[in-house]
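Single-letter residue listing:
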Amino acid sequence: DGGITQSPKYLFRKEGQNVTLSCEQNLNHDAMYWYRQDPGQGLRLIYYSQIVNDFQKGDIAEGYSVSREKKESFPLTVTSAQKNPTAFYLCASSIGLGWASYEQYFGPGTRLTVT
Amino acid sequence: AQKITQTQPGMFVQEKEAVTLDCTYDTSDQSYGLFWYKQPSSGEMIFLIYQGSYDEQNATEGRYSLNFQKARKSANLVISASQLGDSAMYFCAMREGRRNAGNMLTFGGGTRLMVKP
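So the protein lines, in turn, are chains A and B. Residue 100 in our numbering sits at position 100 of the first sequence, and the numbers go up by one each step. Every position in the second sequence, counted from 1, becomes a number in our numbering once 1000 is added.
These aren't lab readings, by the way, just hints derived from the structure by calculation. This structure is a prediction, so every number in the text was calculated from the model and none was measured. Any given hint might turn out to be false.
Stated by the list, open to error - Calculated cross-link-like contacts (lysine-lysine; reagent style DSSO-like; alpha-carbon spacing at most 27 angstroms):
no., chain 1, residue 1, chain 2, residue 2
1, A, Lys57, A, Lys9
2, A, Lys9, A, Lys71
3, B, Lys1016, A, Lys83
4, A, Lys57, A, Lys14
5, B, Lys1003, A, Lys57
6, A, Lys14, A, Lys71
To be verified - Using C-beta positions, here's what the derived DEER-type ranges look like:
no., chain 1, residue 1, chain 2, residue 2, range
7, B, Gly1062, A, Gly16, 47 to 55 angstroms
8, B, Arg1112, A, Arg111, 12 to 20 angstroms
9, A, Glu62, B, Pro1040, 27 to 35 angstroms
The C-beta atom is built at its ideal place from N, Cα and C for all residues, glycine as well.
Chain B extracted, bound-state conformation (with noise of 0.2 angstroms):
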């Protein structure tokens, strides 16, 4: 089973619009993180914000903040008033408790928002 599922390949929004990126998420342990990266052409990875599993407000980082609803094993990404530069691919990612010991990442595999003038 994945662990970490993005259903929408590609997607379109206007400039200055609102977006949300799905992630939803497949684990047992009660401790986990789940992070969002922004990936652009250039091929480095940006991270944006991340959502502890025991975090009760959801998370934000000026025009980024995560919608998490942890009964549905959701992480989705909510990016306000779009700009040209946030076209990009877009990952989620998750580290469980269990693997913690090295802290690795499991990642989707993305969604590339492409932002529309």
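Okay, chain A solo, but in the shape it has when bound (with noise of 0.2 angstroms):
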């Protein structure tokens, strides 16, 4: 079946490491995005790609990093910069660019705890 896979489910890690969370999409899609969710809120954008090899901030960058090499891959590293790292992690992907009604189709998500 096509979808997102995000892993893995629940990640622990000590504060001052960092960690690598994984984002596959079998969508074909061009875009990938990564979001963070806190408690009782909504998402907000860390970054985005649109093609392989560019990917650009979202509004909440700072601490975090990425790679876009292959088209189906987004992994997204939260460095020990990340000051609250302990969060909801979703990637999402969307069929291209452009105006349209483009939907976001997510993945399952990832919850980082970090003591």
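With the hints as a guide, dock the two chains, each given alone in a separate frame, to form the complex.
What follows is the structure in structure tokens.
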């Protein structure tokens, strides 16, 4: 089945360690996105990528880094510089760019806890 | 200023009744799109319905309809005949034309809907 996979579902790390969250899609979508969700709040955009080898900062990119070496993969690294990394992280993709009703498809999310 | 405002943090509805979830938005763009997503307790975001700013008809998808009032900048979600499985968080989101280069969405804070049997 086509879709977006994120692994693992739960991730625990010690403070000061970098951690990489994976996101893979087999929908052949051009655009991919990373969002952060804190308890009881909406989603905030961290990074997005329109094509391979290109990505742009979202609203809260500080302390995060990404890469887009393959169309189907868009991993997110939470660095030790991120002050409050504990959150729920959602990856999404959309079919393309330009003006149309291109909804974003979401993965199941990774819940990161840093202590 | 908030781009997307959802004023109802939580709502109850009786099973089989209809419910309206409010969403107001703020944009100076003429071209924009409005989306509603459902987030069950599992965390996954599920796309429900889309309304384009130039669409003259209100969008409908099964039991979901979008009450689009452009002059008031509101895009309320109406769920008819509520089911227990409708209990979830619901998010309104907007894509503005100016930021459309990346098809980026701005989300509201969400409304938690609880359906009572």
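Cross-check of the supplied hints:
Distance check on the hinted pair: Lys57 of chain A and Lys9 of chain A sit about 24 angstroms apart at the alpha-carbon level, within 27 angstroms; holds. Between Lys9 of chain A and Lys71 of chain A, the direct Cα distance comes to roughly 22 angstroms. Compliance with the 27 angstroms bound is thereby established for this hinted pair. With a CA separation close to 45 angstroms, the supplied pair Lys1016 of chain B and Lys83 of chain A exceeds the 27 angstroms bound. Restraint check for Lys57 of chain A and Lys14 of chain A: satisfied, since their Cα atoms lie roughly 26 angstroms apart, inside the 27 angstroms limit.
With a CA separation close to 19 angstroms, the supplied pair Lys1003 of chain B and Lys57 of chain A stays within the 27 angstroms bound. Distance check on the hinted pair: Lys14 of chain A and Lys71 of chain A sit about 31 angstroms apart at the alpha-carbon level, beyond 27 angstroms; violated. Separation of Gly1062 of chain B from Gly16 of chain A is about 48 angstroms and conforms to the stated range, judged on CB atoms against 47 to 55 angstroms. Between Arg1112 of chain B and Arg111 of chain A the beta carbons are some 18 angstroms apart, a value that agrees with the proposed interval 12 to 20 angstroms.
For Glu62 of chain A paired with Pro1040 of chain B, a C-beta distance near 30 angstroms keeps the hint of 27 to 35 angstroms intact.
Taken one by one, the earlier hints fail for this structure at numbers 3 and 6, listed in ascending order.
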